[in-house]
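Residue numbers (our numbering), protein chains in the order written: chain P, 2 to 279; chain R, 2 to 279.
Among the hints, a few may not be true.
As the list claims (entries may be wrong) - Examples of chain R residues lying across from chain P (beta carbon under 10 Å, computed):
id	residue
1	30
2	101
3	250
4	276
Hints in this document: simulated from the structure, not taken from any laboratory. Even for Gly, the Cβ is constructed at its ideal location relative to N, Cα and C.
There are 2 protein chains.
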Amino acid sequence: MLEKKIQKRKAFFISDKTGITAEMLGHSILSQFDEIIFIEKTIPFIDNEEKAFNALDTIYEMTRDDTDKPIIFSTLVDKNISKIIQNKSNAIFLDCFQIFIAPLEKELGVSSSHSIGKVRSVNNTGYFKRIEAVNFALQYDDGQVSRDLSKADIILIGVSRCGKTPTCLFLAMQYGIKAANYPIIPEDFLNDRLPEFIIKIKNKVFGLSIDPQQLSQIREKRRPNSEYASYSNCIFETQSANKLMNKEKITFFDMTNQSIEEISSQILQNINWNRNQF
Amino acid sequence: MLEKKIQKRKAFFISDKTGITAEMLGHSILSQFDEIIFIEKTIPFIDNEEKAFNALDTIYEMTRDDTDKPIIFSTLVDKNISKIIQNKSNAIFLDCFQIFIAPLEKELGVSSSHSIGKVRSVNNTGYFKRIEAVNFALQYDDGQVSRDLSKADIILIGVSRCGKTPTCLFLAMQYGIKAANYPIIPEDFLNDRLPEFIIKIKNKVFGLSIDPQQLSQIREKRRPNSEYASYSNCIFETQSANKLMNKEKITFFDMTNQSIEEISSQILQNINWNRNQF
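Given these sequences and hints, build the entire structure.
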């Protein structure tokens, strides 16, 4: 059999702050090259020249035995620090910052703060809103506080283990959206009807569905060989849940082949959500 | 008093997938311009020409009364779709994708998949690891399962409401790290010692500290006028917790002026964490 040699590359995400933006951008761009395995390292908080030289040491040590050049994604703001890394690293240097800042300064007619530490700061009012939303999602997880779901921006419903909680937490953490969830339970199937407190706020309710086989696998990990996890029960629950959601004309999304990011994005599109809209 | 006119701008994040990368990059770049208020909208899933024209309609409708041009951050992969938006939108068009992909294709000697939908896909093994880690963080929240913290990659300790849970969830969701947390409680202060099960795994333990005034404000919201939330109690608890962490030489970080992203980044640096390292 012909064996294909797999190319491996080191990739670095370098930043004067946490490096999360460089990492997100770089990681998603690199994932376009699925023939190559990337060893990825984030080098955060490079906010003075001494640290820049330390970063160069790290890059050098991690790549000295490699044949190929490493790739660096940078969100460094300071031009001098950026130049040090760019000139001395012997890498493909992709500057996520300078490319975008210059045309924006021109268009907006103001200088960027160029101050180090503006990104995702706690001084940003959005930050506390996000933390509050995470706490809300935890408090209103799994129908724990079903009496007052009206405080929620959105409510996710679906059978147990279909992915409601991680999706709620993602909506909270990323966007500061107060997301509660309610599990559709056997009692609801018996009643052949969703609970009244869900129906009366159904304009804010979205459903999640999932393939019964995948659900069964997920549940098996939690409760092996249980009726709860059995394929036949998972078929029954998912079909019944979809029927109840269809009955109330609740929009629902299939988690089977979609990530929580993709589902969240579709929910936001459905509620026509904008950041800072007023 | 001189009143400064605040400039407002519309900004769009457009993508053939969820738009999260475009949004993260764009949002962090725009936050460098703190004199300007940006009304931000994400337009995801633009993966054919018809949807591109629908996106143009959205942009047109949202900006028709504006004097200034909107700003568009794009991670569109398809060149034709990208050209439609770029040529017909009358906006500052910042192409996050083409700028980075071309030099990478050259350097790596392979074509990017250019396939739509490679980013953050569920086919990516990292995805299920992240979801599993979120479930782990929830299961091991607030010392709920203190008997077996050895399964955790890291354990965060600190007084109640200092920010342990959101930080654990962020580490899980963003990096797939299994993060547990244990609240330092009055019993630990009485014993003048952290519990034995924490001490014996202290190489994986990190602490969070917080300014007592900020802690008091956070706790007031949860339990108004309680001893628990009182400033004097918060001084006592934070000082005692710091003393216990110092005693065991546990590295701890101050949450007072730092975001969960910044703290997480420092923790990862401390454990020298790399994605895909092997």
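Checked hints:
1. 30: With Cβ-Cβ at 5 Å, under 10 Å, it holds.
2. 101: holds, 5 Å
3. 250: violated, 22 Å
4. 276: Nearest chain P Cβ about 4 Å off; hint holds.
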